[in-house]
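Chains as they are written, first to last, in our numbering: chain A, 222 to 369; chain B, 222 to 369; chain C, 12 to 93; chain D, 12 to 93.
All the given hints hold, so there is nothing to weed out.
Think about it this way: if two alpha-carbon atoms lie no more than 30 Å apart in a straight line, the pair counts; the simulated BS3-like pairs of lysine-lysine are: (1) Lys30/C with Lys347/B; (2) Lys333/A with Lys229/A; (3) Lys30/C with Lys355/B.
Just so you know, these hints were derived from the structure itself, not from any lab.
One-letter residues, chain by chain:
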Amino acid sequence: METKRTPKNIFVQGAISPDSIAKSIANHSTKTDIGGHSIFLGQVRSDEKPEGKVIAIDYSAYEEMALEKAFEIREAIFAKYPLSCMHIYHSLGEVKAGEICLFVFTSSKHRKAAMDACDELVERIKAELPVWGKEILDSENHVWKVNT
Amino acid sequence: METKRTPKNIFVQGAISPDSIAKSIANHSTKTDIGGHSIFLGQVRSDEKPEGKVIAIDYSAYEEMALEKAFEIREAIFAKYPLSCMHIYHSLGEVKAGEICLFVFTSSKHRKAAMDACDELVERIKAELPVWGKEILDSENHVWKVNT
Amino acid sequence: METKEQKISVRAFGMIAEKIGSAQIQLIGISTIDELRESLFDQFPDLKNMKFSIAINKQLASGNAPIPADSEIALLPPFSGG
Amino acid sequence: METKEQKISVRAFGMIAEKIGSAQIQLIGISTIDELRESLFDQFPDLKNMKFSIAINKQLASGNAPIPADSEIALLPPFSGG
Chain A
222 METKRTPKNI FVQGAISPDS IAKSIANHST KTDIGGHSIF LGQVRSDEKP EGKVIAIDYS
282 AYEEMALEKA FEIREAIFAK YPLSCMHIYH SLGEVKAGEI CLFVFTSSKH RKAAMDACDE
342 LVERIKAELP VWGKEILDSE NHVWKVNT
Chain B
222 METKRTPKNI FVQGAISPDS IAKSIANHST KTDIGGHSIF LGQVRSDEKP EGKVIAIDYS
282 AYEEMALEKA FEIREAIFAK YPLSCMHIYH SLGEVKAGEI CLFVFTSSKH RKAAMDACDE
342 LVERIKAELP VWGKEILDSE NHVWKVNT
Chain C
12 METKEQKISV RAFGMIAEKI GSAQIQLIGI STIDELRESL FDQFPDLKNM KFSIAINKQL
72 ASGNAPIPAD SEIALLPPFS GG
Chain D
12 METKEQKISV RAFGMIAEKI GSAQIQLIGI STIDELRESL FDQFPDLKNM KFSIAINKQL
72 ASGNAPIPAD SEIALLPPFS GG
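Whole structure, please, built from the sequences with the hints as guidance.
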């Protein structure tokens, strides 16, 4: 079966700014059937590793596959929960410790659907998207991030 | 047993602005042990009632009791989950349809604690805080909001 | 020294305040929750058909709790925040 | 017409790309996943100790799947987005 879907881009270069999150929230004020928004933000942690302290993560992705996968996940979540809106943004390139690298946003008439969908979306994004984080250390070494 | 705690104010007059949410997010960029933020936003829905269409909700509260209760909930959630931060903001007075009336924000090293704490916090806020919403209708009538 | 004659101040919220027509009323000779309900239902018969909890000093009261002198009493319809 | 001699282009990501020293390599005479692994392990013995999945045309391949001509092959270390 051929698919003619056109996956939406989810990648943004560098960190996701709080202002862009505010804009995204404000864009929903015209959708007056929405009663609840659930948002998850991933922030780069400055973990201490044996090899040094994390000062940034450099993200890379197999973009074409990630966008197809994100679209597939998106469709599955829309089919499972009664959502009004769903947005996914993931950073590529360097994101400094303390900055936002993942922004997942679900909206629904009632809160439960928005919350459950957001949780599931984040789990699936972390497990299924071909994205890799290279943790840049203050020792000028790096280690590859491992998701738990 | 006497308590000497001083509950933090959670009430804001009118709608919660997307800009204030962005500021709150940005304030956490110095806390580089945080890996995930979970946010819930309540938005006023313009429901169709038999008596008219909701154009705003006018919130009132038994403020002193609500602040004590919010503090008690806050302490219980902090004791249950390994959180770095927790913020609760609830509107008082008039909030128009499409505007934000509740902002709950939890942050943790790992996403699961932030998400679970946020969900539980929202449920408890809705069930336990003495706050009332008067739904203002376009017919100039009003009905009292009922939480489900 | 009869506590029966204590004067208590009762705050009302939401649709209860609306029904009573006031956010605060004074009652005399009330020393338990049952007496409070009886007195309220006498003055405001509509309240009989309305659901509300009663707080004594910002704590929800259960059963026929006593109302100590100088308590802050509040009538709380079902919460609908968020 | 021997498909054994097909030339395939293999993309590598993350720590696999780092270990190989390149984000893209060309291999000849590969028509199954097992042949691909064998060829990779010959050229880059370090890969034997690394965990990675293989995608054929952006779909994760399982078992000893065949590799059609002109496939886009990718070597994917464990994902660590978010």
